[in-house]
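Chain residues, written in single-letter form:
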Amino acid sequence: MGDENVLEQRLRRAAELFDPVPPRSTAVAIAAFGWRTIDTELAELVFDSLDEVAATVRGGAQPRLLTFEGSGLTIEVELTVPAPGPPASGSPSPGSPPSAAPGGARRVVGRVLPGQPADIEVWQGDRRAAGTADALGRFAVTAPGSGPLRLRVRPAGDTGGRAVVTDWVIG
Amino acid sequence: MKVFAARTAGQVVAGPNRQGTGRLAVDVEEAGALVRSAAAGDPAAWRALVAGFGGLVWSVARAHHLNRADAEDVYQVTWLRLAEHIGRLKQPERVGAWLATTARNESVKVIRTGARLTLTGDERVFDRGSDDASPERLAIDAEEAAGKAERVRQVWAAFGRLPERCQRLLRVLLAAPPPSYAEVAEGLGIPIGSIGPTRARCLGRLRALVTKAEMQSQPR
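Protein chains in written order, with numbering that gives the first Met the number 0: chain A, 0 to 170; chain B, 0 to 219.
Wrong hints could be hidden among the right ones.
Simulated crosslink set (SDA-like; lysine to any residue; CA at most 20 Å straight-line) [what the hints assert, rightly or not]:
hint	chain 1	residue 1	chain 2	residue 2
1	B	Lys-89	A	Glu-43
2	B	Lys-89	A	Glu-3
3	B	Lys-147	A	Leu-44
4	B	Lys-89	B	Ser-36
5	B	Lys-147	B	Val-209
6	B	Lys-89	A	Val-45
7	B	Lys-89	A	Arg-35
8	B	Lys-147	A	Glu-43
9	B	Lys-89	B	Arg-152
10	B	Lys-211	B	Cys-165
11	B	Lys-211	B	Gln-153
12	B	Lys-89	A	Ile-37
13	B	Lys-147	A	Leu-6
14	B	Lys-211	B	Arg-152
15	B	Lys-211	A	Glu-3
None of these hints come from the bench; they were simulated from the model.
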């Protein structure tokens, strides 16, 4: 038994050397505490099409559908997942804009229900991209970077609707 | 608690004996207290949670054979989620299990998007970020100078040759700091009772591989 533990300890040492948590991800985890919203309502993820995908289906080519609910608002989102291809660190393919996020910028298309004009922000880490929803609540925003993202929705009408933020999802 | 103080400094504190009362990532009482402090706005408590459970979250993603970029997405989204939900956890003392479950669910979703998977042994073993100058790194440099690196390399190479089932379980078990069996079970979606027997069998296979490698590398 002691023998086993010595071996496991050696292996733990090896994992720390060869497969450590990347420091930049630890930095994001620590920064996450500062990005949490204290006085804004959270719209929780209540539907994710990836939860519905059968194991035999390759989901890569299909848009990802998400629904968030909170504070009397429903936010439906379609995320266009970049096609599998070059690794994330690869250079942009010919013809794509130089500002494209690694792996292709996510397009975030959706609508706010009940339909109403609203200011929309897409957050990725500390980067943000802004857009607006029309009178029917429809919006389209290109995500500002890469990695996990969330939306912030602030109704623009006179009704004094309060802003909500959604749960974070992997883009 | 002394163990905890050492851990937050990024030290490797796990002793050789993790069976029974062996030291774990963060014990449940401590975890509950840290969650409550963080929910009340204490950034030091948050950092202690990241230090105590970061290795667990990473290992769950890697046990699902996600490549490093996808594993980073899983790791980050798991912590971003916890930051938002920290004041709503029903069982603050089980935050480790919550993190392991979240990391597993997110890993499965990434796999369903058609992510490219990797086996541990497939990657270049020295694929480290250039910004990696952690205390562990420095300690490891010292070890390398002492000539122990070869043994560590051997054991990691042997790990990469283990069957998939063994790599999966051991990758989470050997997170640093070591997780509890309950957290391992949540992270892999397996019964807690299966962990001990599988661990023993897999470490046995690992020992055989390491012994063989050591014999082959002996000077004649």
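Against the structure, the hints come out as follows:
no.	hint	verdict
1	Lys-89/B with Glu-43/A	16 Å, holds
2	Lys-89/B with Glu-3/A	36 Å, violated
3	Lys-147/B with Leu-44/A	48 Å, violated
4	Lys-89/B with Ser-36/B	15 Å, holds
5	Lys-147/B with Val-209/B	15 Å, holds
6	Lys-89/B with Val-45/A	18 Å, holds
7	Lys-89/B with Arg-35/A	18 Å, holds
8	Lys-147/B with Glu-43/A	49 Å, violated
9	Lys-89/B with Arg-152/B	42 Å, violated
10	Lys-211/B with Cys-165/B	18 Å, holds
11	Lys-211/B with Gln-153/B	10 Å, holds
12	Lys-89/B with Ile-37/A	18 Å, holds
13	Lys-147/B with Leu-6/A	14 Å, holds
14	Lys-211/B with Arg-152/B	14 Å, holds
15	Lys-211/B with Glu-3/A	17 Å, holds
In this structure, the earlier hints numbered 2, 3, 8, 9 are contradicted, and the remaining ones agree with it.
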